[in-house]
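Colleague: Just so you know, the protein sequences line up as chains A and B, in that order.
Numbered by our numbering, the letters in the first sequence go through residues 29 to 233 in order.
Numbered by our numbering, the letters in the second sequence go through residues 29 to 233 in order.
Calculated directly from the structure, the hints in this document are not laboratory data.
Hints are supplied without guarantee of correctness; some may be wrong.
[Unchecked claim] Simulated DEER-style distance windows between Cβ atoms:
#: 1; chain 1: A; residue 1: 49; chain 2: B; residue 2: 125; range: 41 to 51 Å
#: 2; chain 1: B; residue 1: 83; chain 2: A; residue 2: 68; range: 22 to 32 Å
#: 3; chain 1: A; residue 1: 68; chain 2: B; residue 2: 157; range: 33 to 43 Å
#: 4; chain 1: A; residue 1: 160; chain 2: B; residue 2: 40; range: 41 to 51 Å
#: 5; chain 1: A; residue 1: 82; chain 2: B; residue 2: 63; range: 23 to 33 Å
#: 6; chain 1: B; residue 1: 67; chain 2: A; residue 2: 89; range: 23 to 33 Å
#: 7; chain 1: A; residue 1: 82; chain 2: B; residue 2: 66; range: 22 to 32 Å
#: 8; chain 1: B; residue 1: 65; chain 2: A; residue 2: 124; range: 14 to 24 Å
#: 9; chain 1: A; residue 1: 53; chain 2: B; residue 2: 65; range: 36 to 46 Å
#: 10; chain 1: A; residue 1: 58; chain 2: B; residue 2: 157; range: 52 to 62 Å
#: 11; chain 1: B; residue 1: 145; chain 2: A; residue 2: 161; range: 54 to 64 Å
#: 12; chain 1: B; residue 1: 40; chain 2: A; residue 2: 79; range: 21 to 31 Å
Ideal Cβ placement from N, Cα and C applies to all residues, glycine included.
2 protein chains.
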Amino acid sequence: MRVLGIDPGLTRCGVGVVDVAPDRTATLVDVVVLRSPAELATPGRLARIADGLEAIVEEHRPNAVALERVFARSDVSTIMGTAQISGVAMLIAERRALPVALHTPSEVKAAITGYGRADKKQVGAMVARILGLEAVPKPADAADALALAICHAWRTGGVAGAAIADAAASPRERAAAASLTPAQRAWLAAERAATVSGAARRVKE
Amino acid sequence: MRVLGIDPGLTRCGVGVVDVAPDRTATLVDVVVLRSPAELATPGRLARIADGLEAIVEEHRPNAVALERVFARSDVSTIMGTAQISGVAMLIAERRALPVALHTPSEVKAAITGYGRADKKQVGAMVARILGLEAVPKPADAADALALAICHAWRTGGVAGAAIADAAASPRERAAAASLTPAQRAWLAAERAATVSGAARRVKE
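Excised from the complex, chain A in its bound form (with noise of 0.2 Å):
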């Protein structure tokens, strides 16, 4: 399964590409920062980024698209530019019939660290380490974006266009879980727990 995460933004845009097996294991497709200068009006800066966005959905032909979903935050300008690129990168997926699946900041943390309140390194740390990289790819957007095709990817149980799993396992997911090593489930397992307390913190927000 290949998947292409975004971490949406207007100034700098997260693109990772990453191939998941069905025993978890990721691997590095390709990743990049796409940008647009601060000189140009909205309108500009949205197309540089989608041109940069339909550019590596052509060239990687990903089997679905996962996004961070965005919540609001203090600055009203970040948030609107972040919700523009992210309704942007929606309708090229689904002008492509990609399936689009968002994932919060916190689930993305809970499926690669284990924990929903790990901080941007510790994210970065595992990304590198889960995909086998010599270094923590810069800067924090390349990252958060190969977090999330990866919490895509492990979330689904690597089925392209799957709903997201419901916290308890299903029956797929635990013959999915018999086949993996004693650190995998370990993984499962704590990534699973994550999500469950996550899941339950959120609904009481």
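Go by the hints and put chain B onto chain A.
Modeller: Same frame as chain A, but now just chain B:
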């Protein structure tokens, strides 16, 4: 000058096309409210609205696009959809080399009714009067899109792609005003006064 006004929204997206002559006379070309069903996932909804916007651009070939400038609102899910649609609309315009201008709701109200805090009913009634329509365009998203288009043409003096004029009248604006009827001049004065005070208010906010 033909202007496409867009009141962006995921559930209802108001779209109005207006021709505005150099003497500020405005005529209705088309008005429609694009909708997307809430049952659809967001990417599908964005594509539905994008298809509608592209069809209107192809059919009516506007010289400029006027979009409502979106601010933070209380409802986060609404602002996200609105921002995503505005991103998609800007991309569509940019890829056809159409200039895009953003106007705040109070700028539109001031331009159309002479009063930046006019209510929806007053804006609708003035839009109908300006365009010589027998009934107020419904729903409000339709009237708002037309108001945006008229506002844009009037604020830029009917010059496609013109930068938004400063609050102070330029020599060209003054020359244009000389060819207006007394009633039109009264509107222009009221509009300018409202815009100036509106701008002052925004700075203080």
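Colleague: Each hint should be assessed against the structure and marked as holding or not.
Modeller: Hints versus structure:
1. A:49 x B:125: 41 to 51 Å: holds (45 Å)
2. B:83 x A:68: 22 to 32 Å: holds (27 Å)
3. A:68 x B:157: 33 to 43 Å: Holds: the Cβ-Cβ distance is about 39 Å, inside 33 to 43 Å.
4. A:160 x B:40: 41 to 51 Å: holds (49 Å)
5. A:82 x B:63: 23 to 33 Å: holds (27 Å)
6. B:67 x A:89: 23 to 33 Å: holds (29 Å)
7. A:82 x B:66: 22 to 32 Å: Distance hint for residue 82 of chain A, residue 66 of chain B holds at roughly 28 Å.
8. B:65 x A:124: 14 to 24 Å: holds (21 Å)
9. A:53 x B:65: 36 to 46 Å: At 40 Å between Cβs, range holds.
10. A:58 x B:157: 52 to 62 Å: Taking Cβ atoms as reference, residue 58 of chain A and residue 157 of chain B lie about 57 Å apart, which means the hint holds.
11. B:145 x A:161: 54 to 64 Å: holds (56 Å)
12. B:40 x A:79: 21 to 31 Å: At roughly 30 Å between Cβ atoms, residue 79 of chain A and residue 40 of chain B fall inside 21 to 31 Å, so the hint holds.
In summary, the structure agrees with every hint in the numbered list given earlier.
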